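Trainee: Take each chain as given, in its own frame, and dock them per the hints.
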Amino acid sequence: MTGIVSYGAYVPRYRIKPEEIGRVWGANGAAMGKGLMITQKSVPAPDEDTVTIATTAARDMLDRVPEVNPADIGAVYIGSESHPYAVKPTSSIVAEAIGATPNMTAADLEFACKAGTAGIQAGMGLVASGMVKYAVAIGADTSQGAPGDALEYSASAGGAAYLIGNENCIATINKTLSFTTDTPDFWRREGMMYPVHGGRFSGEPAYFRHVTSAAKMMMEAMGTTPADYNYVVLHQPNGKFPTRAAKMLGFSDEQLAPGLLTPVIGNTYSGAVPLGLAHVLDQAKPGDRILVTSYGSGAGSDAFDITVTDEIARFKRDNAPILDKILADPVYIDYAIYAKFKETIKMPEEE
Amino acid sequence: MAMVSAREWREIPGRYNLIGSKCGCCGKIFFPSRSFCPDCRRAGIGKMEPFKLSRKGEVYSFSINHEYSGFNGRMMPYAVAFIRNDDGVMLAGQLVDVDLDKIEIGMRVKAVMRKLNEDGAAGVIHYGFKFVPDNE
Numbered sequence: 001m002t003g004i005v006s007y008g009a010y011v012p013r014y015r016i017k018p019e020e021i022g023r024v025w026g027a028n029g030a031a032m033g034k035g036l037m038i039t040q041k042s043v044p045a046p047d048e049d050t051v052t053i054a055t056t057a058a059r060d061m062l063d064r065v066p067e068v069n070p071a072d073i074g075a076v077y078i079g080s081e082s083h084p085y086a087v088k089p090t091s092s093i094v095a096e097a098i099g100a101t102p103n104m105t106a107a108d109l110e111f112a113c114k115a116g117t118a119g120i121q122a123g124m125g126l127v128a129s130g131m132v133k134y135a136v137a138i139g140a141d142t143s144q145g146a147p148g149d150a151l152e153y154s155a156s157a158g159g160a161a162y163l164i165g166n167e168n169c170i171a172t173i174n175k176t177l178s179f180t181t182d183t184p185d186f187w188r189r190e191g192m193m194y195p196v197h198g199g200r201f202s203g204e205p206a207y208f209r210h211v212t213s214a215a216k217m218m219m220e221a222m223g224t225t226p227a228d229y230n231y232v233v234l235h236q237p238n239g240k241f242p243t244r245a246a247k248m249l250g251f252s253d254e255q256l257a258p259g260l261l262t263p264v265i266g267n268t269y270s271g272a273v274p275l276g277l278a279h280v281l282d283q284a285k286p287g288d289r290i291l292v293t294s295y296g297s298g299a300g301s302d303a304f305d306i307t308v309t310d311e312i313a314r315f316k317r318d319n320a321p322i323l324d325k326i327l328a329d330p331v332y333i334d335y336a337i338y339a340k341f342k343e344t345i346k347m348p349e350e351e
Numbered sequence: 001m002a003m004v005s006a007r008e009w010r011e012i013p014g015r016y017n018l019i020g021s022k023c024g025c026c027g028k029i030f031f032p033s034r035s036f037c038p039d040c041r042r043a044g045i046g047k048m049e050p051f052k053l054s055r056k057g058e059v060y061s062f063s064i065n066h067e068y069s070g071f072n073g074r075m076m077p078y079a080v081a082f083i084r085n086d087d088g089v090m091l092a093g094q095l096v097d098v099d100l101d102k103i104e105i106g107m108r109v110k111a112v113m114r115k116l117n118e119d120g121a122a123g124v125i126h127y128g129f130k131f132v133p134d135n136e
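Keeping their order, the protein sequence lines are chains C and U. Reminder that position 35 of the first sequence reads as 35 in this note's numbering, one-by-one numbering, no gaps. Reminder that position 123 of the second sequence reads as 123 in this note's numbering, one-by-one numbering, no gaps.
Chain U on its own, in the form it takes in the complex (with noise of 0.2 angstroms):
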């Protein structure tokens, strides 16, 4: 179904450029952004900050899926992992750009800007992060 445009407007920092948010209270990173910390609750509220996360980080547990979705039809089999990113914060993103089996728990990855989907051909283009491996 269509995303609208004001949820895509909105998603961007996120989905773009990894902006979560850190509780200015127990300083805890939390991605996607809240504005609200589940550990201080009352004495975080008002002290959530933007946080820009790093891009790169490590594989900590992936799956290869081989069922149809959408967009990725064109890609099939895909990866998805769970990445654990420098700042210790987990995300979850497709691992583009790898061979399927050469993928392991640990492997040093960066976040790169993919389409991610596209509402049909006349509709908005999602771009967002996923994970290519990092051989620097």
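Extracted from the complex, chain C is given alone in its bound form (with noise of 0.2 angstroms):
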């Protein structure tokens, strides 16, 4: 059955605290970490960016599972609203650094924080169809947040990366299914340096509704409730939204607390589900079932019924380092440093 062969993840070392943006634009950065449930966030170094970030978790990922000839890899799709070109993609770079070229297909989805969910699904398809035998989807972003506009305390840099097979898989896909509408609540023009959102209309009907709508679908589907799951993992542009709607689903902290990293690492955008089934990854046991369903605005929410296999006993999961180890010993900077990495400094023209 399709589903996990392995799976590897990445944040940048870097962080920055919301007091510390609060007090450089005159606002209240505590009670804005508190109300969006974000103690830190992650800030890529000024060398690292969406392919870096993909590249290091897809080679982790690959190092879990040396028997896997990369060449046997027949797709490689990342999702993500920051790749570094606007023309050349971000894919076969990635798939170059880990050896799975040339015999194989490769885009760069965008799909504002679920495209690297919905990399899962392309990649399913073609595995299940036996098109392909395995392949790779990435969900990754360096997010950006315009200087002083509230994004700014959750925008952050991080990602994953999924084999999908249909063998030896430690966790099979027992499920997809999602819930698309035209929703305007988050969007970036071409061209433009930052995203502009709808404020409070990026939740209720945004949000809340997509993300609920797809677990209810998939629970009804397959005949489950809340109880059925050991974990569940849901988009996280902030620590509130995905503790609210766990709980309008029935789900409790407990069921949450393990695939929720936004209060630690800030909003990784399409980085963000992929990281936080990562991190339920990293300690689930065979026959735990989780529920995942990312969001992206614009809008969409894909939904993944997951059980894990006795594999995972066999997966080699100490051959890269998991989250928790990647997460400790982070580097906090200042707001001046923060603008230098992001480049809102003005430099001199290069010769």
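Misleading hints may appear alongside valid ones.
Claimed, not checked - In silico DSS-like pairs for lysine-lysine, Cα to Cα no more than 25 angstroms straight-line:
no.: 1; chain 1: U; residue 1: K52; chain 2: C; residue 2: K316
no.: 2; chain 1: U; residue 1: K52; chain 2: U; residue 2: K110
no.: 3; chain 1: U; residue 1: K115; chain 2: C; residue 2: K342
no.: 4; chain 1: U; residue 1: K56; chain 2: U; residue 2: K115
no.: 5; chain 1: U; residue 1: K110; chain 2: C; residue 2: K325
Claimed, not checked - Partial chain U-side listing against chain C, Cβ under 10 angstroms, derived:
no.: 6; residue: N17
no.: 7; residue: R55
no.: 8; residue: G73
no.: 9; residue: V96
no.: 10; residue: D99
no.: 11; residue: I103
no.: 12; residue: L116
Just so you know, these hints were derived from the structure itself, not from any lab. Values in this document were obtained by computation on a predicted structure and should not be read as measured data. For each residue, glycine too, the CB sits at the ideal point set by N, CA and C.
Mentor: See the structure below:
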């Protein structure tokens, strides 16, 4: 049955706290952080971008399955809203860096924060139909948030990679379905540096409607209730939204907490649900059942019903660092260093 | 100065995946890749094979650079190092995501993909290996 053969995750080492961002803009950063349930967010180093984050996650993914020949990867899909090039795929660079080229297909996907899970769905289709042996789906971002805007307190960087296949799956994907509408709650026009959002509109008719609808549709289709799942992983633009959505659906804090990383790394956009699921898989045991629901503005949610298999006991997870190890030992930076890293300081023209 | 796309493309195997070459005659490994073994000379012709080097190794020597150097302007000061990889091959590269006062000779490191440079805002982005501490 089609499922997850391996996974890898990565979050840059640098962090900034909401108090520090608020200090610069004359806002109450502590209150902002508390309202969003975010204590700090990750910041990419000046030499990191979606390509380097995706490559690191994908290499860790392959290090955990040394028996898999990268040449057997038939598709690489990378979901992001911060692809380094407007035209020139991220996916071909990453595919080259993991040794999957040239007998394969690749494409960059974009659906706000859910392009990574859309990649998993596309990969599942190719694998289940027998068109390819393995597909790689990656969600990674170096998110943009306008200076001084509420998004600046959350927009962060990170990503996770999934190897989808039919054999030796550490977790089977029992079913996937989606809930999609035209809802303009958040967007970025071509050539614009920062996204625009609809404020409170991004909550009720956007995030909550799509996430709860997709999750309920999945439980109805599978004949399950929240009690049937050990873990729930929801899209996490902040800590508050998934906490409230989980409650609305009838899940407990214990089911939500292991897959909720935003409070300590911020909103990694396309990386958010892939990273939350990776943190769950870092500790999952055979038989564990996981409900996953992503969300992308504009708007849609992809739901997945996942069961962890006995294979996870043989899985060489320790061949790459687990997320708790990656997140240990962060380096805290002030807003001046943050501005330098984010290239918001104007530099002299190169000769 | 902008690197032409053809050169960027030619160097990809080495810069992304540490693909060097191995002499089928004497077994010596070269990085960057060579098409000719300087030891075996004529005897090695046609026997050089691509060889993928280990991404892991240790610091052989290092230096902290305080001099502004293009793309690294936002990462000053930065460390450069000679890394002896686990195949015994010497590699030169930047050492990043590291506390500069904690770098030691013999420290375990691994190669990761990072941005090396970019040809301005409109040009090609050059990716390649740099080293980070290996805490595994």
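Trainee: A separate judgement is required for each hint: does it hold in the structure or not?
Mentor: Taking the hints in turn, this is what the structure says about them:
no.	hint	result
1	K52(U) / K316(C)	22 angstroms, holds
2	K52(U) / K110(U)	14 angstroms, holds
3	K115(U) / K342(C)	14 angstroms, holds
4	K56(U) / K115(U)	19 angstroms, holds
5	K110(U) / K325(C)	16 angstroms, holds
6	N17	6 angstroms, holds
7	R55	8 angstroms, holds
8	G73	7 angstroms, holds
9	V96	7 angstroms, holds
10	D99	8 angstroms, holds
11	I103	15 angstroms, violated
12	L116	8 angstroms, holds
The structure is inconsistent with hint 11 alone, although it conforms to all the rest.
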